[in-house]
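Enquirer: For the record, the sequence lines run as chains A and B. Start counting the first sequence at 1; every next residue gets the next number (the working numbering). Start counting the second sequence at 1001; every next residue gets the next number (the working numbering).
Calculated from the structure, these hints are not laboratory results. Bear in mind that the values here come from a model prediction, so they are computed numbers and not experimental data. In this text, a Cβ means the ideal position worked out from N, Cα and C, and glycines have one as well.
With beta-carbon atoms standing in for the labels, derived distance ranges: (1) 1082(B) <-> 46(A): 10 to 20 angstroms; (2) 1122(B) <-> 36(A): 30 to 40 angstroms; (3) 1112(B) <-> 46(A): 56 to 66 angstroms; (4) 37(A) <-> 1053(B): 45 to 55 angstroms; (5) 1099(B) <-> 1(A): 34 to 44 angstroms.
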Amino acid sequence: MKNRLKVLRAERDWTQAQLADALDVSRQTVNAIETGKFDPSLPLAFRAARLFGMRIEEIFSDEDRGGATDGNNNNPR
Amino acid sequence: MSQHKRAENGYRSRMRTNNTRFACWAAAWLGATALMGVGPRIFWSGSPVFTLLAVGLDVVVGVGLIAASTKYVMDLDELQQKVYLNALGITVGVAVIASIPLSVMNRYQFIAFHVEISHLVILMSVTFAVSAVYGSVRYR
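Looking at chain A on its own, in the form it has when it is part of the complex (with noise of 0.2 angstroms):
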């Protein structure tokens, strides 16, 4: 899953301790989600994107969905 939390976080010049903070969780995991080693669950994407003000789908994005409109999308219709 890739997401745009570093590019959101910079645009608001926020630390990763910062954002830690308000998500309520550890720079350990900003960190993690940010370099995309680890996924964030449902009611924390929802906290991000609650934060951010935007909508999950604006902050997070499947990483497979990206073929989707290179016409290489395999998924049944």
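For chain A, the structure is supplied; the task is to place chain B on it using the hints.
Expert: Frame of chain A; chain B shown alone:
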């Protein structure tokens, strides 16, 4: 960033409190276990009443330690819980897999020393610590 201000130090202060609580219970349990182990020989010359009291104290403090440990795990964030769960899974697996061959080797005297339950506890502790550190580094 009002939400940030509200939540500031929430997770960290909660974990600090939980760490302190867990450390206190762990120290108390170690003390109670030590008392139960050496008390009958050193302090009350094998008196069954005091020995039973020491065992009871050890169990009560042990229950407190389990409660503190459960709260600690429940308050971890989801990544930390995942690391903890992975470490726990590896620990249980190693304990089950190692204990049976060790027991057989002990029975047929393939090993020089007598295997005791404390060896299994040490093995589990070391396995958990290594697994938890490895899991933590993996997500760094």
